[in-house]
Amino acid sequence: MNHDDVLLNVRGLKTYFYTLDGIAKAVDGMSFYLDKGETLAIVGESGCGKSITALSIMGLVPQPAGKIVNGKIYLNNDDILEYPESKMQDIRGDKIAMIFQEPMTSLNPLMTVGSQISEMILRHRRVTKKESWERSVSMLEKVQIPSPGRRAKDYPHQLSGGMRQRVMIAIALSCNPQILIADEPTTALDVTIQAQILDLMLRLKQDYETSILMITHDLGVVAEVAQRIIVMYAGKIIEEGNVFSIFENPRHPYTKALLKSIPKFGNRTEHGREPLQEITGIVPNLYKLGSGCSFCPRCKEAMDICKIKDVGLTDLGNGHRVRCLLCKSKREE
Amino acid sequence: MLAYTVRRLLQFIPTIIGISLIMFCLLNVLPGNAALMAGGKRELSPELIEKMKKDWGLDKPLYVRYLIYMKDLAHGDLGQSFLRQEKVNDLLASRIWPTLRLAVSAMVIALTIGIPLGFFSALRQGTWGDSASMIVAVSGVAMPQFWLGLLLMLLFSAKMNWFPTSGYGDGDFIHLVLPAITLGLGSMALLARTTRAAVLEVLEEDFIRTARSKGLSRFLINRRHVFQNTLVLILTTAGLQFGSLIGQTVIVEKLFSWPGLGSLLVDSIFLRDIPVVQGGILMIILAFLIVNLVVDLLYCVIDPRIKYQ
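Here the protein sequences line up with chains R and F, keeping their order. For the first sequence, position 228 matches number 228 in the working numbering, and the numbering has no gaps at all. For the second sequence, position 233 matches number 1233 in the working numbering, and the numbering has no gaps at all.
Since the hints were derived computationally from the structure, they do not count as laboratory data. Just to be clear, a hint being listed does not mean it is correct.
Said to hold, decoys possible - Computed spacing ranges between beta-carbons, pair by pair:
#1 Asp199(R) to Asp1130(F): 47 to 55 Å
#2 Asp1206(F) to Ser261(R): 25 to 33 Å
#3 Asn285(R) to Ala1132(F): 35 to 43 Å
#4 Leu1233(F) to Thr187(R): 25 to 33 Å
#5 Lys153(R) to Tyr1004(F): 20 to 28 Å
#6 Gly1018(F) to His217(R): 51 to 59 Å
#7 His217(R) to Val1104(F): 53 to 61 Å
#8 Arg1007(F) to Asn285(R): 51 to 59 Å
To be verified - In silico contact screen, one side only, chain F against chain R (beta carbon under 8 Å); selected entries:
#9 Glu1205
#10 Arg1212
#11 Ser1213
#12 Arg1305
Said to hold, decoys possible - Some chain R residues flagged as far from chain F (calculated, every beta-carbon gap over 10 Å):
#13 Lys129
#14 His271
#15 Glu278
Being a predicted model, the structure only gives us computed values, none of them experimental. From the three backbone atoms N, C-alpha and C, an ideal C-beta is built for every residue, glycine too.
Based on the sequences and whatever the hints tell you, model everything.
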């Protein structure tokens, strides 16, 4: 990686949840970077810590249970974890903005969408109320909402789910952030709307020169938008690499299984009727993570040593890293 | 919204007819009647009692009396008091203002202390400040008004001599303080608890997370996003509370010798002065209905999702 281009650099991030049931290691030592203008996807099953990673970067880990216990998050070489809350508030929305999964509930039902956009602009830019409103309307136009001047005066319940997600995008981009974190932005939407929203995000990304951190469990989305992929499992990165090497040459058994579980169009005519591939078992309980590889109980290629030996990331070259003893031993041979 | 309001006002009519029927039957099957009570401890002669019953129409059958009552009611005439030489309309008119003054002051106390207290508690959830204010709130809900009123009287009137023990004075402020606190404290406590629960609920909402992701300060989020959304939840409780406050004036007015509707009602019930009781209850019910209507209309103002047709 070229260090001049690194915009966001996360080092050894650990975010734990302290509850009555014990300590849940939601994010357990994540290290990754995001380059300027890049789209990085974090992929994984529900509960693997993707969203908490995003919220940790935003400084919005649910309190008081959640706590960042270790690590550094550098934004333009400044560790933002050291920032006081007031300085973090300046960063939020201005430098790093976020889109959430649930467009139906992420907007305040009692405020017009226009004022929800303009409150963000007023917070971070020195503009008058009138200017901020005009800018809100032009943002709505940029996210292709028809008759934006009229729509700005609408309340969220008057808009469809897709429209609301467009409004969320308009809010997020209204201050031209360096980083846009999109936490499952299309999961709650219809498939046709999903494609439109992704298209829109990618086009605006180029217009605004924004880097995107896309969080998703949908590998179809990843293939369409991302340049690099991080596969997460139980709070850890288990494989990382560019889209081509991950899709063409997945090395971790979990990544392989994930890719196999995507139904392929036309597969049935070629190979006849086959059951869909699934990954048996369930995501491990974050409260009861033992030593050894956390994917081990579900892994088809597991060896005895996997149960006890912790394994680090093995660099396979070209930015492709994987956390698996199989790769490690092969490389060492 | 105008059409809705008119429709709701028209619905008052069947409600009042229904309630008046129930009320009329219940009051008229009460043992004893005004003629028997009129003499107090002194026995009146049977002839005199018969004459009084005849004068007041108590000798007629129940349904006839009801029809006459309804006919008068339709003309806005609540009848003639048995024992006071006054029309019920005039009697109520002179009593409604003190009651309204008392109930509104109590409500103002409840709102201006209860809502901020609930907010304070919720935003400091789990701290000793939260626990302390909720202990106050629970005690407030649990304390019977007559007892609280007596305690306040004992402390602030008898011992410290800050306020008069009872009475209306000339309608001055100093006479209002203790009765208003007595009446308002329970509602204040209930509102504090409701507000706390509402704020905690709203704080969990996704749009609060969105607001935080915009970089807004906590103060701004609380003022703009949390407060307005809790208001919808608080309003329901506040409306119901105001309605029941008017009912609760009965106890507080009696305790503080407040010349309002409540004390009039209690006296009239004991004397079986049925027209006055009926009139008083109708007034309270009407107030309740109006408060409910106002609350429903306020929803519409606060929450754009609610539209009445």
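For each hint, the structure was consulted:
{"no.": "1", "hint": "Asp199(R) to Asp1130(F): 47 to 55 Å", "verdict": "48 Å, holds"}
{"no.": "2", "hint": "Asp1206(F) to Ser261(R): 25 to 33 Å", "verdict": "29 Å, holds"}
{"no.": "3", "hint": "Asn285(R) to Ala1132(F): 35 to 43 Å", "verdict": "38 Å, holds"}
{"no.": "4", "hint": "Leu1233(F) to Thr187(R): 25 to 33 Å", "verdict": "29 Å, holds"}
{"no.": "5", "hint": "Lys153(R) to Tyr1004(F): 20 to 28 Å", "verdict": "23 Å, holds"}
{"no.": "6", "hint": "Gly1018(F) to His217(R): 51 to 59 Å", "verdict": "58 Å, holds"}
{"no.": "7", "hint": "His217(R) to Val1104(F): 53 to 61 Å", "verdict": "56 Å, holds"}
{"no.": "8", "hint": "Arg1007(F) to Asn285(R): 51 to 59 Å", "verdict": "57 Å, holds"}
{"no.": "9", "hint": "Glu1205", "verdict": "7 Å, holds"}
{"no.": "10", "hint": "Arg1212", "verdict": "6 Å, holds"}
{"no.": "11", "hint": "Ser1213", "verdict": "5 Å, holds"}
{"no.": "12", "hint": "Arg1305", "verdict": "5 Å, holds"}
{"no.": "13", "hint": "Lys129", "verdict": "14 Å, holds"}
{"no.": "14", "hint": "His271", "verdict": "43 Å, holds"}
{"no.": "15", "hint": "Glu278", "verdict": "31 Å, holds"}
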